[in-house]
Structures are given as C-alpha cells and as structure tokens.
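Undergrad: Sequence:
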Amino acid sequence: MNRNEKNIYKGLYGSNEIEFTKGLININPFGIIGKQHQNNVLQHSHNHLLQVFLIQEGSTHFLFNAQKELINQPTIITVPKNTEHGFEHLSDVNGWIISLSDTVLERMIHREAELIDSLYDVQIIPIQNDSLSEELEKTIYKCVLEYKMEQPGRLLMLEYLVGQFIVQLYRLPQNQNQKLNKVDHSSKIYFRKFTQAVKESANYKKTIDEYADDLGITPGHLNKICQTVASQSPKEVLMNYFITEAQLLLTDVSLTISEVCYRLNFDDKSYFTRVFKKKTGKTPVEFRKSLGIKF
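So that you can map any letter, position 2 of the sequence shown is 2 in the UniProt record's numbering, and since no number is skipped, the others follow by simple counting.
None of these hints come from the bench; they were simulated from the model.
Everything numeric in this text was worked out from a predicted model, so none of it was measured.
Where a beta carbon is used, it is the ideal one built from N, C-alpha and C, also for glycine.
There's no promise every hint is true.
[Stated by the list, open to error] Label pairs and their calculated CB-CB ranges:
{"hint": "1", "residue 1": "Tyr271", "residue 2": "Leu248", "range": "14 to 22 Å"}
{"hint": "2", "residue 1": "Leu156", "residue 2": "Glu88", "range": "32 to 40 Å"}
{"hint": "3", "residue 1": "Gln67", "residue 2": "Asp213", "range": "34 to 42 Å"}
{"hint": "4", "residue 1": "Thr218", "residue 2": "Leu70", "range": "19 to 27 Å"}
{"hint": "5", "residue 1": "Asp267", "residue 2": "Leu132", "range": "47 to 55 Å"}
[What the hints assert, rightly or not] Straight line, CA to CA, 30 Å or less: simulated DSBU-like cross-link-like pairs of lysine-lysine:
{"hint": "6", "residue 1": "Lys68", "residue 2": "Lys35"}
{"hint": "7", "residue 1": "Lys289", "residue 2": "Lys193"}
{"hint": "8", "residue 1": "Lys35", "residue 2": "Lys138"}
{"hint": "9", "residue 1": "Lys199", "residue 2": "Lys277"}
{"hint": "10", "residue 1": "Lys206", "residue 2": "Lys224"}
{"hint": "11", "residue 1": "Lys224", "residue 2": "Lys193"}
{"hint": "12", "residue 1": "Lys179", "residue 2": "Lys68"}
{"hint": "13", "residue 1": "Lys206", "residue 2": "Lys278"}
{"hint": "14", "residue 1": "Lys282", "residue 2": "Lys205"}
{"hint": "15", "residue 1": "Lys235", "residue 2": "Lys289"}
{"hint": "16", "residue 1": "Lys179", "residue 2": "Lys142"}
{"hint": "17", "residue 1": "Lys179", "residue 2": "Lys206"}
{"hint": "18", "residue 1": "Lys199", "residue 2": "Lys68"}
{"hint": "19", "residue 1": "Lys138", "residue 2": "Lys199"}
{"hint": "20", "residue 1": "Lys205", "residue 2": "Lys179"}
All chains, please: the whole structure from these sequences, using the hints.
TA: Here is the structure:
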C-alpha cells in the first residue's frame, strides 16, 4: 500500500460496514482486530464515528500522527471522527471499543456546547484510583452489559448511559487528561455554529457561500475551519449531515422515499438516490432492506 494513501473506514478497522443499535452505538471487544492483523492496526480514520477505547489489560502503543504513546495501565482513549490513529500491541490486550454515531450523539447533547467541543479532542485518560474515574469505568461497564442484553427499553437505557459517561469524561480533572491534538477554541465555536446552521436550515440547496456569509467569514475561512476541526470540507460536512438525516428518516416505515426527499428538500428522487448510494454504498431501498424493514 502507498505510504501516502489514507485508510478511511465507515465502520471499524478494515470495514465499511458497522451495525449500530438504533443508529447510536456499537460495542466490540478491544484486541480482536489487532490479533487479526498481527497486532499492528495501521493508522486510519472513521468518517462518522467518535470512538472511546477502554483498555483494561495489556500494553500497546497508541499511534496518532507522528506520535507513539505507550499505554501500559487501564486507560480510556477518545478519538474524534476523521482522526487518523492506530495501535501496535506489545502483548495481549483486553478492553472495549465503543463507537458512537457523531450526528446522533450531537443531537443528544446539542444544548451542552462545551461537551460537544470536548468531543473534538484526542484524549488519553489513565484510570486513577479516585471516585470520578471509578464511576466512569462503572458506567462504561454498564453500557457494555446493556448493549449485550436484549432487554426492553434497551435504546433508552443506552442513550442514558452514553450521555452519562460523556458527561463524566468531561468532568474529569483537566490535569488527568493528556490531549494530543490542539484545535483552537475559536475554530471549534465557528464549526459548531456552522453545523448548527446546517441543522436549522434543513435545506440541502443552501450554498457554502451563503453559510459563510451568515457566519460573517469568507468561504475560504470556513473551509480552513472545517479542515482543522473535522478534516472535511464544508460540502462534506453538509453532505454527511443530510445523509445521516436521510438514514434516520428511512427508519420510519410510515414515510415513502419521496416523502424523505421532500423532508430534506431534494427535488429529484433520482438525484437523492444517487447521492445516497455514493455515500452509503446502498440505495434507499437497499438500506431499508438491510435494516429488516418491510414496506
């Protein structure tokens, strides 16, 4: 593989498929993917996933940009979407990978701007012998157990637990967290305003120039902000939002595909289908079938 070629996955490492529980969360054991690749998980990124790694046992190197961080104690690592990262396992490792859909997650905590800002940071958080760390670890365990059980109210409980551990992460003392990336605060604010404007307009036809004008900045400045915070162009941010919204609407069996198009301000159903397939690999009909939806 070309050294300059970037590995970008829609799912977990090596996969463009991921099964979310109701579009929110996927949990997998940490270490299995490494064993499948000779303990060497090459640097890669994920389009729409915030990932939280709970490393309970073993030693590994966490790779981020040109950095190599030794992890040899119970640790939590957070990795935002579109952020290249990898692992070199030095021994057998155990733990959990919690993958969260970024758009659904932001929908959950849209009133807590500071929490959203924290999700753009790559963090290494050693688990200390203190009450805050212990409560956070317990919450993650509860999340794993709830995910593995098919109990009534599973989605509601998972949303509650995910929200709880995100808040607990944020409340940990700052001197306990090692932040590897540095995104300036003003860029985060502009990016959040842009994504909020996209949600509020709910209009696929609105141009990037119009969004930039509303924010009082140039399109070039907006592009630089999006690249800095999310490693995406403004158009990609816009497109990803509407595709995720389309996926959520398509889970509603009462809506026809034409009605989904109308909700998202797509005039042409054929164009919507082409855009949706280009981003997801499936047509809207195929996407519904993959969810087991009968229509």
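Undergrad: Taking each numbered hint in turn, which are not upheld by the structure, reported in ascending numerical order?
TA: Hints 4, 7, 17, 18, 19, 20 contradicted; others consistent.
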